[in-house]
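*Asks:* Take the sequences, apply the hints, and build the full model.
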Amino acid sequence: MKSLIKEFTKGIIKENPTFVLVLGLCPTLAVSVSVINGIGMGIAATFVLIGSSVIVSLVKGFIPDKIRIPCFIVIIATFVTITELCLKAYSPALNRALGIYVPLIVVNCIVLARAEAFACKNNLVSSFLDGLGMGVGFTLALVLISGIREFLGAGQILGYTLIKGFEPVFVFGMPSGALLVIGLLLGFINLLKNRER
Amino acid sequence: MKNNLIVSGSPHIHNKESVSRIMWTVVISLIPAGIAGVIIFGWDALWVTLVAVFAAVLTEWVCTLLTKKKVTIFDGSAVITGVLLAYNLPSNVPLWLPIVGAVFSIAIGKQIFGGLGQNIFNPALVGRVFLMASWPKYMTTFVKPFNYDAVTSATPLAILKEGKILEHISYGDLFLGRHGGCIGEVCILALLIGAAILLIKGYISWQIPASFILTTAGFTYVFGSSPLFHGDWLFSILSGGLILGAFFMATDYVATPLTAKGQLIFGLGCGLLTAVIRLWGGYPEGVSYAILMMNAATPFIDRYTKNRIYGTR
Amino acid sequence: MSIQEFLSIFISSVFIYNVILSRFLGLCPFVAISKNTKQALAMSGAVTFVIIASSIVTWLIYQFLLLPFNLAYLRTLSFVLVIATLVQLIEMVIRKTSPALYRAFGIYLTLITTNCAVLGAAVLNVDMFFSNGKAVAGSFYYSVFQGACMGLGYTLAMLLMSGIRERLELCNVSKAVKDFPLAFIIASVLSLSFMGFSGFSR
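Quick note, the sequences are listed as chains A, B and C, same order. Going by this note's numbering, 151 is the number at position 161 of the first sequence; the sequence numbering is gapless. Going by this note's numbering, 380 is the number at position 281 of the second sequence; the sequence numbering is gapless. Going by this note's numbering, 204 is the number at position 202 of the third sequence; the sequence numbering is gapless.
Read the hints as simulated data drawn from the structure, not as lab findings. Among the hints, erroneous ones may be present.
As the list claims (entries may be wrong) - So the derived label-pair ranges between C-beta atoms look like this:
id, chain 1, residue 1, chain 2, residue 2, range
1, B, 333, A, 181, 47 to 57 Å
2, B, 405, C, 91, 39 to 49 Å
3, B, 235, C, 37, 33 to 43 Å
4, C, 103, B, 194, 53 to 63 Å
5, A, 52, C, 83, 14 to 24 Å
As the list claims (entries may be wrong) - One-sided and incomplete, this derived list gives chain B residues near chain C with beta-carbon spacing under 7 Å:
id, residue
6, 219
7, 220
8, 380
Unchecked claim - Some chain B residues judged to face chain A by a derived CB distance under 8 Å, without partners named:
id, residue
9, 229
10, 232
11, 233
12, 234
13, 235
Here the structure is a predicted model, which means the values were calculated and not measured. In this text, a Cβ means the ideal position worked out from N, Cα and C, and glycines have one as well.
*Replies:* In structure tokens form, the structure reads like this:
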């Protein structure tokens, strides 16, 4: 049981896909303009992660090794299409906000990497937990980054103005600001890692 | 003169003595423009400049402490960054603006690369572009010259960009700085005095300013208005941040090519980009962006224009 | 179809909405491979080629297969399969015709399948040049041209980045920011400077 819990928690800190594995950066930077978008993308990606990890671990015995990557892609793409359609139907505003990054979940390095590195080698329950953990870790990272960006760039979090009279620093809502935030965050994390040793 | 001394690519091991001398001379050469700024825009200009310098030096001190490097605040380079940043700002900005800009310039534009001699981009411009993107409202509100109350006016280039006709501005006005603009960019006379000091002492090369200014002027002359070959090239030289940029920021030792040929290419690129942005881009002034982009291209320019090692083909 | 439109696609794809610095597509190789100019060039060349090829094929599939049969929602799945297949094909062709080139590309060719830039370009083409389920006039040419420009923008960003990083190899940057963090900060400044191109009107 303990090891199962570990599969879940490792995705959150020790092997956080964004900050430690440095995967899936494209949507992270693009979408993190506001916390709502971050949460939305996180949930969508988590859904795809869990779905694909589970299916891959179920059918891993039947996929010939040579064509496993295209097979994974098909499985992932199916879940992404489901996600796309659901978003279009139930949350068109979020769909528009996330834009092309929803279909791009299919080439999100996190999803493919977990399928390749874990789900095809482990059983159903572990894969499920791994997918869930990675998804949660990804979402948390998104929330952190978009929280910083939304607060500094628009003076708000989730649409609520926090400090009156704060002059928002517009650059954080722009691509340049996103790159800056992730660069500084990664540097900070490296600093912590170096201190640990 | 400068080119005879340099035989290899940066980073160099600097003799601290001579670097300080050069830096402080540059600071002195910038003083005329500062005085002009205060005369034209009032005491606000002085406060902005002092605040920027103070913040820059403080940031550099803190950064060198944190990274356990040698303390370099006395070599004058942080002061230059502070001054140049201030000169790129309107005089009526709230005082926290130059502080944030200076911190950004030094921390991100310079120290994170490892400090003096290793920055890829001109630190003052990095700060300025950051401020422009973050608080465009503050960065584009200027006061009327000689009007020490805050009556706002736009810069000549901004007026042109909106398609309006310029009235009541003569070349003399442009030369002396009798119009709205950033603290250090308006008084061409004062800037040229400072530039002359640096050129005579051989601290800056003539290649970059010459190619920069001539390219911008030439391009504006050809494409500046319809029909072709009718552009107002003199106006383009005397307006905006061209003189300030070409003589004091595009000539940054570290962020620009080493060889004369490379510098000519650098200046040409800057001039071209500036003219294109001025004529067809969304911003009225393109000098800062042009220089930064050419800074980024400098490693390549250096690679292809390096001096041959003696004895090789 | 007008020169205006092509020019505006060129300026926006290469500079204003640069595929890496503004749309954040293709970041993984950008940060991982841009340390060395030769590699950066190889990667950019391969990516550009694949983008152009896939722009053509995905457009054709969308126009003649998906739309007529009301299968537009299958675009993600079909595009991604197309790209994966294309990459395999290209790999095989290069391996047969020019082993030297194949060795030069190395592993990068396979990595292109997961490069967001390629799928992103295909999806963008469809989003931008189709409206209400029909192709706009000149859609095909615009799409292919946009693909080529995105490749060009990709190459530009990679080259600038690799030049800068090669230069920084000689400097003593503090350990915490070495590699990735610094790469992002450089990209941030590059992105700031490219903002100079915004608002281009012609």
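*Asks:* Indicate, hint by hint, whether the structure satisfies it.
*Replies:* Hint by hint, here is what the structure shows:
no. : hint                       : result
1   : B:333 to A:181: 47 to 57 Å : 53 Å, holds
2   : B:405 to C:91: 39 to 49 Å  : 41 Å, holds
3   : B:235 to C:37: 33 to 43 Å  : 35 Å, holds
4   : C:103 to B:194: 53 to 63 Å : 59 Å, holds
5   : A:52 to C:83: 14 to 24 Å   : 19 Å, holds
6   : 219                        : 5 Å, holds
7   : 220                        : 6 Å, holds
8   : 380                        : 5 Å, holds
9   : 229                        : 6 Å, holds
10  : 232                        : 4 Å, holds
11  : 233                        : 4 Å, holds
12  : 234                        : 7 Å, holds
13  : 235                        : 7 Å, holds
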